[in-house]
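2 protein chains.
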Amino acid sequence: MTTELRSDCPIAAALEVFGDRWSLLVLRDIVFGDRRHFRQLEREMKEKIAPNILVDRLRKLVDAGLLTKQDRGPGRTAVYSLTEAGISIVPVLVTVGGWGARYGGIPAEVQGPPQELEASGPEHWEELMAELRERHLGGGAQRAAARSTR
Amino acid sequence: MTTELRSDCPIAAALEVFGDRWSLLVLRDIVFGDRRHFRQLEREMKEKIAPNILVDRLRKLVDAGLLTKQDRGPGRTAVYSLTEAGISIVPVLVTVGGWGARYGGIPAEVQGPPQELEASGPEHWEELMAELRERHLGGGAQRAAARSTR
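Protein chains in written order, with our numbering: chain A, 1 to 150; chain B, 1 to 150.
Among the hints, a few may not be true.
If chains are identical, the list can't say which one is meant, so a pair holds when it fits in one copy or spans any two.
Pairs of lysine-lysine residues, derived as DSBU-like cross-links and limited to a Cα-Cα distance of at most 30 Å, are as follows [what the hints assert, rightly or not]:
hint	residue 1	residue 2
1	K69	K48
2	K60	K48
3	K69	K46
4	K46	K60
Simulated from the structure, these hints should not be mistaken for lab results.
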């Protein structure tokens with residue numbers, strides 16, 4: 001962690017890492033949208049993140065240990081993977097999304113993964129987290145890392 | 001809601017309301033610290049919020065429907081109360097605090113209400129929310145409101 005703690009409160013400590021307007025949206029698109037490349041994240045984010053802000057947030061999330069970046073050599077785009085700390089953001093995304101669905105002025109007919117997960121309870125959050133571990137920490141991620149270090 | 005939606009995503013909608021560096025800390029101190037007055041919130045926040053930022057955040061949280069402000073007449077300090085939307089922030093505080101306790105660089109011996117609640121599961125979050133309803137929406141809040149409108 002490179003962030004400076006304002007207090008010993010775990011809520012404040014967490015907000016130092018992802019308590020800005022964009023970090024959770026970047027993590028959302030990786031978790032629920034399986035976007036792993038810079039261009040995908042930039043082009044497909046509904047809220048239209050500016051490229052320089054995306055560069056900054058990805059670097060901060062790597063520095064804070066929520067993402068790893070695998071460079072795959074010339075001409076190949078780098079791959080971002082969630083770490084265990086990044087995967088552990090799922091309950092935050094689910095509870096934030098659950099609040100937004102009820103109180104954020106979202107039309108009732110618009111339902112997405114966070115609302116469904118919130119309704120189905122923590123044991124289903126765990127299933128998503130297990131799936132993310134396989135995708136980001138499992139075989140696929142290890143093969144990508146092996147390619148980038150040989 | 002007076003905020004402008006950047007997308008129909010409930011996570012983005014929620015972050016429009018409380019996704020800045022201070023709003024969740026203000027709500028934390030009301031939820032876990034039972035601070036109901038401006039001076040209490042200002043003086044007792046561990047992270048030392050600037051008075052003008054606190055004024056701004058309290059107004060935004062009232063505008064967004066998470067808090068109500070009861071003016072009690074000349075010489076008496078106003079009382080802030082959580083609404084149902086404000087009480088519904090509890091799962092967010094608990095999951096954010098749980099993440100921060102594990103990954104935010106907090107010493108292991110520092111344990112607070114969010115970590116204990118996260119470990120004990122959603123049914124205990126509900127107990128806290130029921131208690132907050134009684135304290136903020138129940139008899140006490142109604143008496144304060146009656147005083148302020150007569």
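**OP:** Return the numbers of the hints above that this structure violates; sort them in rising order.
**Re:** none
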